[in-house]
Amino acid sequence: MSSLLKLIQNENMKIYYRIGTWVMVILLLIAVIGMGIFVKTTSDENDNWQVAVQTDIKRLQAQKEKTESFKFMNEEVLKSYDRQIEIKEYRLANNIPPLPADSFWGFINESSNLTSFVTLFTIVIAAGMVASEFSWGTIKLLLIRPVSRSKILLSKYLSTLLFAFSLLAVLFLSSALTGGLLFGFDSVSQPHLTYTDGAVKEVGMLQNMIGIYGLNSVDLVILSTFAFMMSSVFRSSSLAIGLSIFLMFIGPQISNLLRNYEWSKYILFANTNLRQYIDGIPFMEGMTMTFSISVLIGYFVIFVSLSWLAFTKRDVTA
Amino acid sequence: MMRKNEPIVQIKNLSKKINNKTIIDDLSFELFPGEVYGFLGPNGAGKTTTIRMMVGLMEATKGQVFIKGQSIQKDFKNAIAEVGGIVENPEMYKFLSGYKNLVHYSRMVKGVSKERIDQVVQLVGLENRIHEKVKNYSLGMRQRLGLAQALLHSPSLLILDEPTNGLDPSGIHEIRNYLRKIAHEDGVSVLVSSHLLSEMEMMCDRIAIIQNGKLIDVQTVDDFVGRDLQVKGRFTVVPVDKAKTILETAYQDKKIEVKEDIIALDIEKEDVPAVVSLLVKNDIRIYSVQANAMTLEEKFLEVTGGNQIV
Ligand SMILES: Nc1ncnc2c1ncn2[C@@H]1O[C@H](COP(=O)(O)OP(=O)(O)OP(=O)(O)O)[C@@H](O)[C@H]1O
Ligand SMILES: [Mg+2]
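Residue numbers (our numbering), protein chains in the order written: chain A, 1 to 318; chain B, 1 to 310.
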C-alpha cells in the first residue's frame, strides 16, 4: 500500500514539475476571473424580480400550449415546462428571488460551465501519462524495477484522477473567491429550489453546487479515462489528445444526429450528461438514470481493461 | 578471476521472433559473480534485444532467463530486484534535476536512503551538477546519471548497454576501473554490450560474440588475445609459387594468401616451426618469418566475417 503511495508521489512529481501543467492552471484561473469581469460589466440592474419571473411564467405557459398542439409531443418536454413553472410560482409565493449571474452563488453556477476547460486540460495530462514515458524513453528505466506493471499503471491512473479533481477544486475555489469579491457574499445563505417527487423543495446551495460539480465530473472522469486508454494503447500522446478532444466536441453532436435509431441510447455521449434526468429532458424516452449509469460503467470497464492489456502485455520497444 | 559455482545469470535457449523474423536465435550463456562479461557484436546483432528480454521489457518467444535462480518471466519482482541497468541510451526525466530523478527511482525499491543517493552521486562524480535539470546535462553526464540510477539499490547484476557511449577518455577510464572494481571486489556481475573492441578488451573478463542473433563464440579475454593461440604467420620465401602449393597440400583447411614474395596464413603458434621445417625440407629459401598474435579486432572481424562493424 505504501509503495502505491510512493508511486503516486512519483507521478505527481512528474506532473507538477512541468511548466505546461502550471500554464493550464493559470489559464483556468484567467478564464474564471475573465468570466467574473465579463458578468460584472454586462449585468444590468433589475430590482423588480417579481415582474421578471411573472413574464417568464407567461412565456413558459405559451410555449407549453404550443407544444401540446403538436402531434408528436414528448411527455418529458411537457413535464419539464411544468417543473419550471411550478418552481417560479414557488418563488413568488415564498419571496425567494432567482439567482442572477452577478451574485455569489449565481456566479459559481455560471462558472461551473468551465468544467469543460478542466476536462480539456485533464485530457492533455491523461494522454501523456503513459505515452510520454515512451516518447521520453524513460519507460525502459521505469519498468525495470521490482514493481508490477499493473501497479505502475494504477498509480498513473489514480494520479490522473487526482489531477482532475484538484483542477475541479481550483475551479470551485477560484469561482467562489471571484464571485465573493466581485459580487459580495449577500446571497450565501439563499436556498436552491428543486422539483422532486412532485413538489418544489428547498435545498442548501452548497449541496446543490456539489451536486452540479459531481454530475459534471462524470463527463470529466469518463473522457479522461478514454484519453488515458488511448495513451496506453497507441503510446502516442498527440494521437490520444487529438482523438479525445475530437470526441469531446463532436461526440454529443453525433449522438444527437443518431437519436432516431433505438441503439443510439448506448452511445457513450447519450449518457454522459446525467443532469438530463434531474432538470432536463432525457436523450430518449424511457432512458433512466440507472440505465445511463450502467452504460457508463460498461464503457469505463472497457476503457480500463484495454489500458491494462496494452500496458501489461505488450513488449516495450521504445 | 573469481568464479563461484552458482551463476548469477542463466540464459537458456533464448529466442525472439518479431513478425516471423528471428532476431535472437537460441542463445544460451551464463554469468558468474564477480565477472565483467562483454557482449560484442556489430550493429543490429541483437545485443539490445537480448538485454530487453533479460530485464523483462520484452517477452521471449522461447527460452528462459534466470537471475539468481529466479525466472524473470515467472518471478519478475524478485528477479529484477537483483538487477540494475541501462537499456540503450540513459534517458531521464529532462524537466527534473538529476537528484530528483534518483529520488524517483529510489521510491520504487526498498531501502534506499538519502545517504545512499548522495554516495552514488559522488561515486559517478556528479556532485557539483546533481541539482541541475537534466536537460542541461551533456551526454556524458547523462551516462553518469544513468549509471547512478542503476547502482542505487546495490544490485548483484549490472546490465549496461553501451555504457561508455558519450564519455570522455577520462570518464571511460573511470567507469572501466569502477566496473572492474565492483566486479572483482564486491562480486557484482557486470554485463556490458559494445561494438568498441578495444573497450571490451580492457574492461571484460569474458567476451561473447553475437552476430545475427546467434552466439558465435565465448572466450576469456586472455584466450582471445592469447599469444599462444592463433597467429598471423607471414613467410618471405622464394620460390613463392612452389611454397604455396606445398602449404596448400599440408594445410588444406587454411586460407593461404600470397602477396609478392610473402605468403600469409593464420595458424596456431605451435605450428610455426613445423611450417618452417616443411618449407626447408622442400628446398624453399626462407628470408623472414613473422608470427604476430592477432589483435582482438582482427579476431573479431575474422569471426564475424568483417565489414559489418562500425
Ligand atoms: N521492435 C522491433 N521490430 C522489428 N525488428 C526489430 C525490433 N527491435 C529490433 N529489431 C531488429 O532486431 C535486430 C537486433 O536489434 P538490436 O537493437 O538488438 O541490435 P544491437 O545489437 O543492440 O545493435 P546496436 O549495436 O546498433 O545497438 C535488428 O536487426 C533490428 O532491426
Ligand atoms: Mg543496441
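Hints listed in this document are in silico derivations from the structure and should not be mistaken for laboratory results.
Just so you know, not all the hints are guaranteed correct.
Unchecked claim - Result set (SDA-like, lysine to any residue): computed pairs, CA atoms no more than 20 Å apart in a straight line:
#, chain 1, residue 1, chain 2, residue 2
1, B, 133, A, 15
2, B, 74, A, 309
3, A, 64, A, 76
Owing to the predicted nature of the structure, the values given are computational and were not obtained by experimental measurement.
Among the hints numbered above, which are violated by the structure, and what are their numbers in rising order?
-> none
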